[in-house]
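Chemist: Generate the whole structure from the sequences, applying the supplied hints.
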Amino acid sequence: MEVDVRAGLEKLAGRLGGAGAKLTEAQRLSGGASMETWAFGFEGQGGPESLILRRRSAPFDEETARSVSLATEAALIQATEANGARVPTVRHVCDEADGLGEAYVMVRVGGETLGKKIVADPKFDAVRPLLARQCGESLVAIHKTAPPPGLKLKAVDGVAELDRYEEVYRATGAERPILELAFQYLRKHVPTPVEPTLLHGDFRNGNIMFDPEKGVVAVLDWELAHIGDPAEDMGWICTNSWRFGRPDRPVGGFGDYADLLAGYASAGGREIELSRVRFWQMLGSLRWGVMCLTMYLSWRDGITKSVERPMIGRRVSETEADLVVLLEEGL
Amino acid sequence: MITHPRTEELAESVRLWIDEIRPTLDPRNAFLARVAANAMATIARELIDGPAAEAAAVAGMAGVLGHDGTYAELNAELCARIRSGDLTVESPGLLAALTTMARDQIAIDQPSYKPEGTPAP
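Read top to bottom, the protein sequences are chains A and B.
Read in my numbering, the first sequence has 210 at position 210, and its numbers run on one by one without any break.
Read in my numbering, the second sequence has 24 at position 24, and its numbers run on one by one without any break.
Honestly, the hints are just simulated from the structure, not real lab data.
Every value quoted in this text rests on a predicted model; they were computed, and no experiment measured them.
Among the clues, some could well be false.
Claimed, not checked - From the derived model, a few chain A residues whose C-beta atoms are all more than 10 Å from chain B:
id, residue
1, Asp-121
2, Arg-164
3, Ala-262
4, Ala-265
Unchecked claim - Distance ranges between label pairs, derived from CB positions:
id, chain 1, residue 1, chain 2, residue 2, range
5, A, Lys-214, B, Gly-69, 55 to 61 Å
6, B, Asp-68, A, Ser-69, 35 to 41 Å
7, B, Ile-48, A, Val-109, 43 to 49 Å
8, A, Glu-329, B, Thr-3, 40 to 46 Å
9, A, Gly-99, B, His-4, 54 to 60 Å
10, A, Asp-301, B, Ile-48, 29 to 35 Å
11, B, Ala-96, A, Glu-25, 54 to 60 Å
12, B, Ala-96, A, Val-307, 34 to 40 Å
13, B, Asp-68, A, Val-307, 36 to 42 Å
14, B, Ile-48, A, Ala-71, 46 to 52 Å
Beta carbons are placed, not taken as given, at the ideal position from N, Cα and C, and that holds for glycine.
Modeler: Right, here's the structure in full:
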């Protein structure tokens with residue numbers, strides 16, 4: 001169903017800004033295959049407001065996508081914010097009256113989310129050496145948050161994650177020997193289970209807003225939040241697909257493992273072994289490879305039409321190029 | 001096949017045209033146009049480098065499996081034997097063959113990608 005987002009935002013301006021509030025800007029920001037992000041603003045009775053609308057734009061299968069609803073996402077952002085996490089401030093969770101489908105509104109904050117800029121722009125040269133440590137610190141406030149009761153969060157451990165992605169991989173019908181070998185290798189190296197915590201689930205360079213002076217401003221994009229091993233969030237930001245051309249700097253293309261782990265420990269997080277992070281990092285490459293396959297299939301099967309999807313399918317080989325090296329090195 | 005123009009030249013001409021009109025597009029379509037241009041570039045690279053990459057993959061897989069076959073046959077057997085646990089990271093030649101296959105494929109799909117283990121620039 002096509003939604004007229006601009007009309008919806010006009011209406012929302014009136015709802016949030018009071019009678020007579022006028023929309024002053026509305027612009028769709030690029031990126032995001034299944035989510036739309038809009039920057040908008042209005043002049044309301046309480047003064048001008050600059051906001052971000054996040055809305056689901058494509059049908060999704062809650063099982064294979066593992067996504068939570070946007071209402072759950074908003075609730076988790078609010079709960080982690082109350083626990084001291086660096087996250088956006090939720091302004092409004094949309095309901096049927098808004099006519100925007102599944103969506104919520106956040107206060108817009110300044111900063112940079114483009115991974116490549118964080119990794120390469122000279123503007124970030126001064127703060128870059130601090131970022132891995134800050135990422136470790138930021139995760140602690142998230143991992144120590146008790147999820148609000150009543151939310152449907154999936155619990156995942158290493159074995160369950162391998163089962164799940166192997167099942168998805170088998171269902172694609174693809175035959176990729178490197179992915180096969182990664183499944184077999186990881187099954188033999190599943191770390192001992194730990195007490196599970198709330199996880200962001202998509203904690204990587206690209207989903208974090210950074211400021212050139214302050215570093216981490218806000219952790220964004222909570223749709224894959226779930227319960228599991230805290231090392232999973234640390235491994236995902238170390239997955240090479242999110243290092244933007246700097247594989248020599250394992251944390252997000254900007255930092256070292258030791259700083260990530262030290263930041264986590266200094267903020268009161270439990271001690272985590274590097275090999276556990278590396279397990280999740282390797283599983284991260286494998287998982288991204290399988291996700292790329294499923295995104296291609298959503299195009300093949302006519303569910304989505306965008307040219308982005310088949311091209312994402314060609315990103316499977318980047319995970320294979322990473323996996324062969326990790327298989328050679330070991331955890 | 002016809003050489004004036006070759007198929008990869010057709011793909012290249014489309015890519016150049018997409019790049020030319022990109023600045024006139026709205027941000028969303030400019031982004032999709034960039035993806036489309038990348039797709040044309042991938043097609044051109046596969047037309048040029050695909051046959052040699054496939055031949056190398058066939059040779060590598062045949063070496064590990066100990067017999068000849070088509071790409072599809074060898075690939076299917078390799079997957080099955082890895083899945084069954086018959087072949088592992090310790091199996092002689094397996095990782096070397098897979099590494100060659102991965103490097104050749106990334107050179108077609110995303111030549112600018114820097115895999116794990118690439119040293120600092």
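Chemist: For each hint, tell me whether it holds in the structure or not.
Modeler: How the hints compare with the structure:
1. A cut-off of 10 Å between C-beta atoms confirms that A/Asp-121 is not in contact with chain B; the least separation is 15 Å.
2. The Cβ of A/Arg-164 sits about 17 Å from the closest Cβ of chain B, beyond the 10 Å cut-off, so the non-interface label holds.
3. Non-interface status of A/Ala-262 relative to chain B is upheld: no Cβ of that chain comes within 10 Å, the nearest being about 21 Å off.
4. The non-interface label for A/Ala-265 is consistent with chain B: the shortest C-beta to C-beta separation is roughly 25 Å, beyond 10 Å.
5. At roughly 58 Å, the beta-carbon separation of A/Lys-214 and B/Gly-69 lies within the given 55 to 61 Å, and the hint holds.
6. In this structure the supplied range 35 to 41 Å is violated for B/Asp-68 paired with A/Ser-69, their Cβ-Cβ distance being about 53 Å.
7. Remark: the range hint 43 to 49 Å for B/Ile-48 to A/Val-109 is upheld by a beta-carbon distance near 46 Å.
8. Taking 40 to 46 Å as the suggested C-beta distance range, the pair A/Glu-329 and B/Thr-3 conforms, at roughly 45 Å.
9. With their beta carbons about 56 Å apart, A/Gly-99 and B/His-4 fall inside the hinted range of 54 to 60 Å.
10. Checking the proposed 29 to 35 Å range against A/Asp-301 and B/Ile-48 shows it holds: the Cβ atoms sit about 30 Å from each other.
11. Taking the beta carbon of each, B/Ala-96 and A/Glu-25 are about 56 Å apart, inside 54 to 60 Å as hinted.
12. For the pair B/Ala-96 and A/Val-307, the beta carbons lie near 35 Å from each other, so the given range of 34 to 40 Å is met.
13. Remark: the range hint 36 to 42 Å for B/Asp-68 to A/Val-307 is upheld by a beta-carbon distance near 38 Å.
14. Look at B/Ile-48 against A/Ala-71: about 50 Å separates their beta carbons, and that is inside 46 to 52 Å.
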